[in-house]
Amino acid sequence: MSSSMEQLYQQVILDHAKFPHGRGLGLVGSHVGESHQVNPTCGDEVTLQVDLADGVVRDVRWEGQGCSISQASVSVLHDLVVGNDLATVDQIGGTFRALMSARGAGLDDDAAEDSLGDATAFTGVAKYPARIKCALLGWSALTDALIKTGARPTEDS
Amino acid sequence: MTSTLEVPARTLNASELAAVRADFPLLARTLRGGRPLVYLDSGATSQKPEVVLDAEQDFYVQRNAAVHRGAHQLAEEATEAFEDARNRVASFVGVSPGSLVWTSNATAGINLVAYAMSNASLGRGGAAAQRFALSPGDEIVVTEAEHHANLVPWQELAARTGATLRWIGVDDDGRIRVDELDTVVTSRTKVLAFTHASNVTGAITPVARFVARAREEGALTVLDACQSVPHLPVDLTALGVDFAAFSGHKMLGPTGVGALYGRRELLEAMPPVTTGGSMVEVVTMEQTTYAPPPQRFEAGTQMVSQTIGMGAAASYLAELGMDAVAAHEHHLAGLLLDAVASVPGVRVIGPTDTRDRLATVSFVVDGVHAHDVGQVLDDSGVAVRVGHHCAQPLHRRFGVASTSRASAAVYTTDEEIEVFREALAGVRAFFGLEVS
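Those sequence lines, one after another, are chains F and P. Residues 1 to 157 in the working numbering are what the first sequence lists, from first letter to last. Residues 1 to 436 in the working numbering are what the second sequence lists, from first letter to last.
Derived from the structure by calculation, the hints contain no laboratory data. Please note that the accuracy of each hint is not assured.
Stated by the list, open to error - Using 25 Å as the maximum straight-line C-alpha spacing, the simulated SDA-like pairs for lysine to any residue come out as follows:
no., chain 1, residue 1, chain 2, residue 2
1, F, 133, P, 45
2, F, 127, P, 41
3, F, 127, P, 322
4, F, 133, P, 366
5, F, 18, P, 431
Please construct the entire structure, taking both the sequences and the accompanying hints into account.
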């Protein structure tokens with residue numbers, strides 16, 4: 001295997017794909033927003049629920065099918081956002097999107113990159129334009145689900 | 001269940017195949033890490049031989065002018081080249097040039113028929129066009145194997161006219177259920193639209209059975225010939241279909257051009273769809289009379305260089321001989337099926353024998369998503385298609401969201417399929433799954 005393949009499929013990604021975190025829907029209540037997102041080119045799907053109360057993401061649950069990149073990405077998202085306030089969640093989401101636009105070079109801001117935890121393993125994905133959408137599928141669902149909670153302004157990100 | 005295609009003895013020998021490959025400059029390029037390209041995505045789009053590229057270039061360098069207008073020499077030459085291309089493509093599929101309409105792609109060709117029927121349903125085209133009119137109670141029949149391009153336009157036509165869409169199923173081998181023709185096609189059926197060969201399973205449809213059944217009920221037949229025309233000898237007149245659409249880019253020609261065949265008598269009775277310049281006879285401020293086909297359906301400036309490229313592609317294939325092309329690809333189909341069968345944990349979606357099928361093999365690797373399969377193959381320089389291949393219902397029929405698809409063409413070699421096999425054999429191991 002080439003080195004760019006090893007960077008694309010880092011062990012941490014393969015582990016998250018195999019043993020995903022936060023999988024299984026079931027959140028209910030007035031604080032819960034839900035979003036279903038599809039990647040029309042490959043049919044990957046994710047349904048994501050978020051429980052947002054008092055400005056804090058209390059839980060994220062999801063169900064989906066798709067490639068290892070898309071599934072691992074939602075699993076990592078779960079770990080990164082649960083327990084954080086909206087401002088932090090937005091910041092992490094923005095940093096992850098920036099990482100996906102970096103063509104595999106990573107971010108200049110080390111501190112920001114550190115805030116991504118396991119998500120830094122996705123650095124290599126940004127070298128493969130066709131796969132960036134896979135990595136962002138769950139994040140798009142999160143953005144939409146947060147709006148659906150009705151507890152945040154709909155300006156968009 | 002169907003007659004088996006005659007596979008002629010003549011195929012391409014090694015030196016002929018080498019000569020063919022030399023005609024395709026792109027096949028010689030290398031990819032990341034200096035790997036040779038193994039292009040097994042011809043079902044999505046084919047590569048182009050130099051004669052096609054030259055024909056387009058030559059048009060722009062030597063003959064560029066507006067066609068069918070202008071009294072100058074360039075306009076004459078451009079018009080001649082444009083119509084010569086139509087002759088070549090028409091002859092390649094066994095029809096008269098007057099029954100071949102240029103379209104921007106095959107999707108546009110199928111939509112053209114659907115929208116003409118829509119217009120006829122609104123009374124356009126007068127009494128002669130009433131044979132195309134649909135109303136509630138009428139039925140449109142398609143199959144579960146269709147590419148979205150031969151499904152969605154009919155869903156839309158049904159929605160616009162109140163007609164009902166019905167479909168014929170697919171069996172576990174991925175073949176269209178010919179036995180359902182008698183029950184699904186009825187006296188209410190006005191259109192029977194079906195593919196000549198599935199872009200997913202590679203299965204070839206017994207067209208004669210479909211045409212015979214449609215005729216019994218007086219239904220029009222619309223054939224999606226995108227996957228057959230580049231790979232098999234196709235004589236649309238002999239097949240007896242009423243309409244057929246195919247694209248240039250899958251048959252070694254350029255993108256941006258396709259063709260719609262319609263029986264002349266039908267095209268003459270059919271109302272136009274896209275209207276404007278070039279498709280008229282007399283225009284007053286109140287009304288317009290229309291040109292005869294095929295011009296009636298070619299409004300606006302045409303994609304002239306692409307039609308010329310498509311004409312060159314048809315001639316190139318005709319010169320190789322479609323019997324030889326089909327025989328070579330029949331051989332490749334066997335190699336592809338053997339390659340996939342040799343790897344544990346991989347199963348084919350479609351027929352597993354070479355009878356009546358193309359060298360297009362879709363497969364599922366247990367435990368690995370198609371996107372990931374494609375990525376690992378890409379790392380060995382092997383280009384395959386991953387996803388639903390614009391056929392979601394067919395994938396749903398097999399309980400999968402996506403497949404990987406290896407599809408060959410006339411320029412594909414045995415050695416390339418061996419590279420594919422070796423790369424495929426490494427996929428499950430790469431993702432930490434058992435390999436035996």
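Tested hints:
1. Between residue 133 of chain F and residue 45 of chain P the alpha-carbon distance is near 23 Å, which keeps this suggested pair within the 25 Å criterion.
2. The suggested pairing of residue 127 of chain F with residue 41 of chain P holds, with an alpha-carbon distance near 22 Å, which does not exceed 25 Å.
3. Distance restraint check for residue 127 of chain F and residue 322 of chain P: the Cα-Cα separation of roughly 41 Å exceeds the 25 Å cut-off, and the hinted pair is therefore not satisfied.
4. A threshold of 25 Å between alpha carbons decides the hint, and for residue 133 of chain F with residue 366 of chain P the separation of about 23 Å falls inside it, so the pair holds.
5. Our distance criterion of 25 Å between C-alpha atoms is met by residue 18 of chain F and residue 431 of chain P, whose separation comes to about 10 Å.
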